[in-house]
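Asks: Here is how the chains run, residue by residue.
There are 2 protein chains.
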Amino acid sequence: MRPRSIAVVGASQRPGRGTRVIANLQHFGFTGPIYPINPRYSEILGLPCYPDLASTPAPPDSVVVAIPGEQVPALLETAADRGVRGAVVLSSGFAEAGPEGRRRQDALERLAAERGLLICGPNCYGVFNVRLGAVTYSADVAKPWPAGPIAVVSQSGGFSHYVAEHLVRQRGLGTSYIVSCGNQAGVSVEDYVQFLVEDDETAVVAVYLEGFRNPARLREAAALAREREKTIVVLKVGRSENARHAMLAHTGSLAGTAEIIDATLRQAGIVQVDGLNEMLDTVALAAAARHHRRGWRVTVLSGLGGECGRVADVADAVGVELPPLSDAAAARMRSFMPGFMNPRNPVDGTGSMYDDKTLFPQLLDTLLHDQGTDVIAFNTRATPPRPGGWAPARQFTQAMCEALRDGTDRLVLCFTSFAGADLDPEVVQPLADLGVPTLESTESAMRAIRNVRDHRRFLDDAPKTAAVFTPAPFPASGPGVLDNAAAMRLLDAFGIPLVETKVARDTEAAVRAAESIGFPVVVKIDSPDIAHKTEAGGVRTGCADAAAVRRAFDEVTAAARQHAPTARIDGVLVQRQAAGGTEMIVGVQSDPLFGPAVVCGFGGVLVEVLRDVAIRVPPLDHAQARAMVDELRGRALLHGVRGRPPADIDALADVLVRVAALARAGAGKLRALDLNPVFVLEHGRGAVAVDWLVELT
Amino acid sequence: MRPRSIAVVGASQRPGRGTRVIANLQHFGFTGPIYPINPRYSEILGLPCYPDLASTPAPPDSVVVAIPGEQVPALLETAADRGVRGAVVLSSGFAEAGPEGRRRQDALERLAAERGLLICGPNCYGVFNVRLGAVTYSADVAKPWPAGPIAVVSQSGGFSHYVAEHLVRQRGLGTSYIVSCGNQAGVSVEDYVQFLVEDDETAVVAVYLEGFRNPARLREAAALAREREKTIVVLKVGRSENARHAMLAHTGSLAGTAEIIDATLRQAGIVQVDGLNEMLDTVALAAAARHHRRGWRVTVLSGLGGECGRVADVADAVGVELPPLSDAAAARMRSFMPGFMNPRNPVDGTGSMYDDKTLFPQLLDTLLHDQGTDVIAFNTRATPPRPGGWAPARQFTQAMCEALRDGTDRLVLCFTSFAGADLDPEVVQPLADLGVPTLESTESAMRAIRNVRDHRRFLDDAPKTAAVFTPAPFPASGPGVLDNAAAMRLLDAFGIPLVETKVARDTEAAVRAAESIGFPVVVKIDSPDIAHKTEAGGVRTGCADAAAVRRAFDEVTAAARQHAPTARIDGVLVQRQAAGGTEMIVGVQSDPLFGPAVVCGFGGVLVEVLRDVAIRVPPLDHAQARAMVDELRGRALLHGVRGRPPADIDALADVLVRVAALARAGAGKLRALDLNPVFVLEHGRGAVAVDWLVELT
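Chains H and L supply the protein sequences, listed in that same order. Just so we're aligned, residue 1 is where the first sequence starts under this note's numbering, counting upward by one. Just so we're aligned, residue 1 is where the second sequence starts under this note's numbering, counting upward by one.
Just to be clear, a hint being listed does not mean it is correct.
What the hints assert, rightly or not - According to the in silico footprint, chain L covers these stretches of chain H (three or more CB under 8 Å from chain L):
{"#": "1", "segment": "147-160"}
{"#": "2", "segment": "237-243"}
{"#": "3", "segment": "314-325"}
{"#": "4", "segment": "414-420"}
By construction, these hints were calculated from the structure, which means they are not laboratory data. These numbers were taken from a predicted model, which means no experiment stands behind them. Glycine included, C-beta positions come from ideal geometry on N, C-alpha and C.
Can you make the complete structure from the sequences, with help from the hints?
Replies: What follows is the structure, given as structure tokens:
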């Protein structure tokens, strides 16, 4: 990231990626030695050119590689021999390009691991360290390029450049680093994020990625970002099946389980965005708001009446509250605005704001001193005026600069009604210099406000107690489905409440079990090979006496044998008949890379038909578990509807906390856990799992 | 819309809205006489100025009004006396400005009604007839302004101008009319839409609106648009409570019931969009696709690997299918592309597409001749290059122009990865001239494709038979809740199946009714004043014999008297105990302006907790009713889940068709109708309403 000398292998006198790197290094005044390498030339862009890595006057610190993919592994071997520490591999033809490419990438990964070579790429644009002018980066970058608090990391080279360039050229902002890491054969996207969170000059890290390599590193980086109050904003591709295939073709990335990744990022305080416009606006606002502490009561001011209804709709849809204008602010506005102005939030400055130059400064001053306003969002049109044409936005800018010259504790931002067309530098730059970002489009601006607000709230929350439960040791058995006795022992060890259940190998044992539990009972087949007991005809409820239990024993074992002739049948389970309550499911799913996640949903139609589930990665504390339940669309069912009493949500949350502890203890060993159903009883009466399935890897 | 002579009242030698209109008229070469009116001047912008309307050499055809609101009613009175036919009232201070303004607007509405004056506004920018150069429009409009097939109608003056200007300046498109109609005191937004649908030069009408005035006119316009294969695209504001207040303050509009308006627009084939960027892209694509008939198999081509995953995700999220690349196209691409290229849809042209100029023309040619591709969406970066800088998009444009010179039956479009910054006119204009629009941002482009595709499918559907059911006459009684006998007669007249039900005034009548129906029966309180029988303790199910019926009679009447001491109690209803099935609700809701709509949802938790309902305005045919059921998120419940048999969806659809007929017959008289629940039985066994409530206005 901070090379002292750079060799460019595959530089050429013709335009190309390697040559662009040399031009960029020269252009941005890189002060260390630059060694073009190409046996065909003696000079490139005024620099002496060397036939190979061995002939440079001194071993280079870092090497940029722009030669055909098949030659890269051998070259990097040589480089490692010569003591090169870092390599930026621009070349394509690796994991994104079928089995042969995959083999080439494996060679690179071995080199990185065995020789300690720090490899950026392959299939990337490289790294741009803005302050050092170390542009080992192959895009066509123009000067000036101001330094600033925003870093961009992207697997896609094109996006790294387009995002950074838009922030710099249109928004008047500055960047610290631009990194395109391509296939991540060596240094992973998580490594870069961690480096940037540690970097003192960087406050906001914008990340575009297709696949993760190292979730543990990401969690570390996120924890550090939280501590240092920095913002990581991620645009993750790969929700759709088609996208997963496209990514495999692009950077050879695998996607992972979308829902588990979402939960991991959310719980780590990483801001996820849905598109590039939302990314640009969120990053710009996060940088502007990094010292904002006042609060998030947003007042919108527009000179465009049509915008007021629009922004109210959009704010409502994305979850940004626009509280009513304070009486004091409304009264003050009435004192100077024309009679037909109707002060409210959004504030409609009306056409008069354009005709009478004295009005806007008074409106702004009113809001800057309004006790009910923390954030002022000014809707403006920021396209450059025609030469000599009407330029109201420049007048507004001038008024804002005057009003903000002495600072304010409000967060002030501008936004346009839609995205498109150049922004006027005479509007954007003076505002950006005062820390006022210009966002593009109402939709994207309101999402950015929500994203940055939610991240601030995340930072302001009391630090979570990491360990909330002392986990019991995890049994070493498997792979496969645990038999019932082992499963009950495991669940019991973590204190997960199970309905009273006895194992019975024969009819009379079943009757004795039922008598000890008390009638009525439920009789279920006990077989590690039958996961869905009801579908196998293996469940009889409401067995009211010994005869019914005997009948049930015979029927369920016969049905199970017919359903699954090869299944091992251990007898039956005799259970207390549970007393109803709300039927929920609680489970654990695992992603090979991200590990386990706890899932919770309503049983029956809500989960099966509507897939109404909440998901979190462990550990969970009680408050987080309650928040998880509150995410369910059907949550009102637990709070009591249609005359039903409220359910024992605390007991359900306790089950979730315990399941999370079990999932954490079993990470790498537990493949899946299902408690289905868990009956959540009336408030104060607890919750109890009635059926369970534990599968180990 | 086509004035021959124009007076501008309130023109001035200082800049202002009236003066801008005169400048615009001169600038765009309006050929008729222009009469500035202002007693303070003798000349404005080189034209003789008249002290009042009476002194113009000839009565003007149309008058533009830019004087304070309080003077407008008197002036328009004079104008009507002088024989003026049309007035564009730019002035504010009407319905948007409190009670006094509301009175002024009432005066204008009277003038429009009584004197036949066609009033545009007040509180608007006016009308721009591009072909005639009749710019009775007060924005700062620059030349050149090309004529084209897109019309813009907006209540907001600012949006009318910004949308049209962006289409013209950035997208290289042309417009026919721009209309800002403000408060709609005279001519309504629906009148303008109808005029524009009738206009031969207009193919696409973009509408921004806050409130409707005349839904019947809108339906007529939509029907004509369907017949003439034109597209109406609407951005409607006012879903949120705050937006409704903001609109009232802006143009004095009331919002109406959002869901009923949505249903009306959707069924009329009007395209609804959520934001201005989606509006711009949908309008641009609709204009380009107006002659496209081939189909909607979309293939995406990008030179940016990172975009391929992104666009796949976005297409999936908005409902645009990207089918697999045909084998023939894949094979052809393999023949000329580098080995690491992996042909699929989205097609990743890879960095090679930039380095080797011969590749893009071949990729394009492959897709233009691929039998599996109807729509080619080319992802490009269309910002202008730096002077002398790299300009690949211009090369691609040139190749596209060559390939498309002789026409194609494919729909070809370009899109950028995000919106923002100027588009390069050397890229956009030549493509626009060939009918290839440039859309901005992946999200907005994919939504535009979906919108235009769905509209084309709407046009291609067989024309709907308007009357599908001969309605019975609607009874004249009310207001208030119909008593049970009258309600049953009404429902019966429309053939809506009701569970067998008898009215019983006393205990013994109840027993006789039960015996004639057959046990078990349900006993319910019969009172027009008790809408929610269960909550009043007024329902007993499973009455298995005469004693149970007697007990039920006493209990429900006692409970009802306690629950509602003043309620009129007519006795009880005795009903056959319905045989289960899926519990649905069917109802009618009415909007004061838009009239009735039919609502359908699942009973129980799905409707109460999740508000899972479908809504349509009558009439409905059977297929539409089935489509309505298919919109429900819980639809799988009707198709049979968890081993349940499929339900009789045809019978449910029949109930919906009959309820729609009833709603239509009762429009203006029926306030609400509830069938709750309707039991939908097993396939082939029908559906039956078990409880009902009919309320008249």
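Asks: Against this structure, judge whether each hint is valid.
Replies: Structure-based check of each hint:
no.: 1; hint: 147-160; result: holds (count 6)
no.: 2; hint: 237-243; result: holds (count 7)
no.: 3; hint: 314-325; result: holds (count 5)
no.: 4; hint: 414-420; result: holds (count 4)
Every hint from the earlier list agrees with this structure, and none is contradicted.
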